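S.K.: Here is what each chain is made of, one letter per residue.
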Amino acid sequence: MSQQRVLSPRRVERAGGQPPPTRRRGLLGGVFGKHPIGSAFVTPYLVFLAAIFAYPLGFAVYMSFHDYFFTAPGAIVDRPFVGFDNYAAVLSDPAVRRAFGNVGIFLLINVPLTVGLSLVLAFALNSAIRWRTFFRVSYYVPYVAASVAVVGVWLFLFNADGLVNRVLGPLAPDPSWLVNSKLAMPTIAIYVTWKQLGFFILLYLAALQNVSKDLYEAASMDGAGRLKSFWNVTVPGVRPATTLVVLLATVTGANLFTEPYLLTGGGGPDGASASPVLIMYQRGIEQGNPDVGSAIGVLLVIGVLLLALIERRFVGREGR
Amino acid sequence: MRIPWRFLALLAGAFVFLFPFYYMLVGSLQTEPDPSIRGAFPDPGNLTGHNYSEINAEINLGRSLLNSGVFTGGVILGTLVFGVLAGYALARLQFRGRGAVFSLMLLVQVVPFQLLTIPLYVLIVRSYGLADSYLGMIAPFAINSTAVFVFRQYFLQLPEELFDAARIDGAGELNILWRIAVPLVKPALLTGVLMTFIGPWNEFLWPFLITKQQDLQPLAVSLSNYLTTVSARAANPFGAVLAGACVLAAPAVTLFIIFQRRFISSSLESGVKG
Numbered sequence: 002m003s004q005q006r007v008l009s010p011r012r013v014e015r016a017g018g019q020p021p022p023t024r025r026r027g028l029l030g031g032v033f034g035k036h037p038i039g040s041a042f043v044t045p046y047l048v049f050l051a052a053i054f055a056y057p058l059g060f061a062v063y064m065s066f067h068d069y070f071f072t073a074p075g076a077i078v079d080r081p082f083v084g085f086d087n088y089a090a091v092l093s094d095p096a097v098r099r100a101f102g103n104v105g106i107f108l109l110i111n112v113p114l115t116v117g118l119s120l121v122l123a124f125a126l127n128s129a130i131r132w133r134t135f136f137r138v139s140y141y142v143p144y145v146a147a148s149v150a151v152v153g154v155w156l157f158l159f160n161a162d163g164l165v166n167r168v169l170g171p172l173a174p175d176p177s178w179l180v181n182s183k184l185a186m187p188t189i190a191i192y193v194t195w196k197q198l199g200f201f202i203l204l205y206l207a208a209l210q211n212v213s214k215d216l217y218e219a220a221s222m223d224g225a226g227r228l229k230s231f232w233n234v235t236v237p238g239v240r241p242a243t244t245l246v247v248l249l250a251t252v253t254g255a256n257l258f259t260e261p262y263l264l265t266g267g268g269g270p271d272g273a274s275a276s277p278v279l280i281m282y283q284r285g286i287e288q289g290n291p292d293v294g295s296a297i298g299v300l301l302v303i304g305v306l307l308l309a310l311i312e313r314r315f316v317g318r319e320g321r
Numbered sequence: 282m283r284i285p286w287r288f289l290a291l292l293a294g295a296f297v298f299l300f301p302f303y304y305m306l307v308g309s310l311q312t313e314p315d316p317s318i319r320g321a322f323p324d325p326g327n328l329t330g331h332n333y334s335e336i337n338a339e340i341n342l343g344r345s346l347l348n349s350g351v352f353t354g355g356v357i358l359g360t361l362v363f364g365v366l367a368g369y370a371l372a373r374l375q376f377r378g379r380g381a382v383f384s385l386m387l388l389v390q391v392v393p394f395q396l397l398t399i400p401l402y403v404l405i406v407r408s409y410g411l412a413d414s415y416l417g418m419i420a421p422f423a424i425n426s427t428a429v430f431v432f433r434q435y436f437l438q439l440p441e442e443l444f445d446a447a448r449i450d451g452a453g454e455l456n457i458l459w460r461i462a463v464p465l466v467k468p469a470l471l472t473g474v475l476m477t478f479i480g481p482w483n484e485f486l487w488p489f490l491i492t493k494q495q496d497l498q499p500l501a502v503s504l505s506n507y508l509t510t511v512s513a514r515a516a517n518p519f520g521a522v523l524a525g526a527c528v529l530a531a532p533a534v535t536l537f538i539i540f541q542r543r544f545i546s547s548s549l550e551s552g553v554k555g
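Chains as they are written, first to last, in my numbering: chain A, 2 to 321; chain B, 282 to 555.
Bound conformation, chain A alone (with noise of 0.2 Å):
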């Protein structure tokens, strides 16, 4: 609370900044709609959109398309038309190709435990039940905890000679998780779908208050189970978040990069659990090829976009 009264006088102040639009509003009412001043309002917000988000896209954009280096700041050089020779060389990488792979197999395993867990859990916590804080707390530290110190504890726990291992003692996967080419990826998605869980329970928890009650009551009147009525009102009822968490589980998942950096060194072994980002980060950065980064970036753009389309296909025809 304290934070906030030293903030706020601040804000006035800035905000009295900018240009006095009332005196606009007698003039330009008409056109620019009853409150002009809401332009100004939204204006630093704007440049920010433009600066951060639509310039870079942008630029982005051209870049992939040029023969684009590193210079010294200042410096004219020529950055000549290359056409699609970036994408080119992208889509023969087989590096990159492998990390396109990857992300499949992590949207493959993350998507649907996320959604299948965090409705069953967000239905378990809507009902009256013991200790409902406490769980609601417990599932939600993950996701506002650092990944780099969660990471700490996973590499811990995952070690060859981990808790994991000693409990799971002859059961235990031998190259160890991290280090094993087949398990790595999937062990990722199940670190990421652990620790992003809390965030989709809470939207789950959100949409389960909008599904009627009556609805509910006609069931069990219909003579219809819990897991029955589970399955014809609830799954749904909650669609629309439903479609919310399949997308924004996707580009989560397409934003992979500290833990295939972290957790198996850099997407080892031996790239089997590489992410785009991943590659992206030291095409274009490592080893200064921007170019060839951004087009790695827009590719994944437009991978997302379409992967988007059509799970919003996949899990809008389902509804009624």
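Take these hints with a grain of salt, some might be off.
[As the list claims (entries may be wrong)] Rough simulated footprint, nothing fancy, chain B against chain A, three-plus residues with beta-carbon under 8 Å:
#1 94 to 104
#2 130 to 140
[Said to hold, decoys possible] Short, incomplete list of chain B residues facing chain A, as computed with Cβ under 7 Å:
#3 291
#4 301
#5 308
#6 454
#7 464
#8 501
Please keep in mind that the hints were generated in silico from the structure rather than gathered at the bench. The structure displayed is predicted, hence computed values, not measured ones. Ideal placement from N, C-alpha and C gives every residue a C-beta, glycine not left out.
Fit chain B to the given chain A structure using the hints.
M.R.: Chain B in isolation, oriented as in the chain A frame:
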């Protein structure tokens, strides 16, 4: 008596979610790393605070925490100042282009930020020379769009008569916002601060890219550098990493636990009404 399956399942779930954090704390206090099952229980003979001094000697926890704090504070300040203005305008003012701004705000939330990493890196580091600076760190996160959305939702819930009355009295919009609207949506401000906090505090990729100077790195970055490079040389690398992890995770987790009631219920509300 019926077995409370639902309760037991939730309890098992809570164990899975909380155990790594418990293990983080226990591991950070062990003299010798003990990955056996017995090691999951604190052993008085194997407890030490040495891991904390070791990680502090390597990455200067105070300085890293300060950097994380400045980075996070800057983002919160930007969000509170400009985000509240934008949220208020989107909720209560009719002006040309409002619909477009609103759609843009929603669109931005699904743009994967990491994809802008390369162009932002080129612009901020190479063109503007803002590498190793707080400004460069803060800029891409300066206004949290989700917080703008939450502010808007709260301003929308206020009764229109309130604003009409103030306008008839001749109050300017800035005055109305500051004297009438903001005091009524204080919970929204708190929610905005909390949800904005965890973003930059936990952010890794961006500050990692633009800070090469160790004394400007936020804790998430310096800890990960320790994890990937230095820890191999340490006597008890896991202990030191887990000690650093506890320091990094503690502020966000503590804030969340203190404010969880308000935090969870307000995000529920904004979700329902969105």
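S.K.: All the hints need checking, so say for each whether the structure fits it.
M.R.: Status of each hint after checking the structure:
no. : hint       : result
1   : 94 to 104  : violated (count 0)
2   : 130 to 140 : holds (count 10)
3   : 291        : holds, 5 Å
4   : 301        : holds, 5 Å
5   : 308        : holds, 6 Å
6   : 454        : holds, 5 Å
7   : 464        : violated, 10 Å
8   : 501        : holds, 4 Å
Figure legend: structure checked against the earlier numbered hints; hints not met, in rising order: 1, 7.
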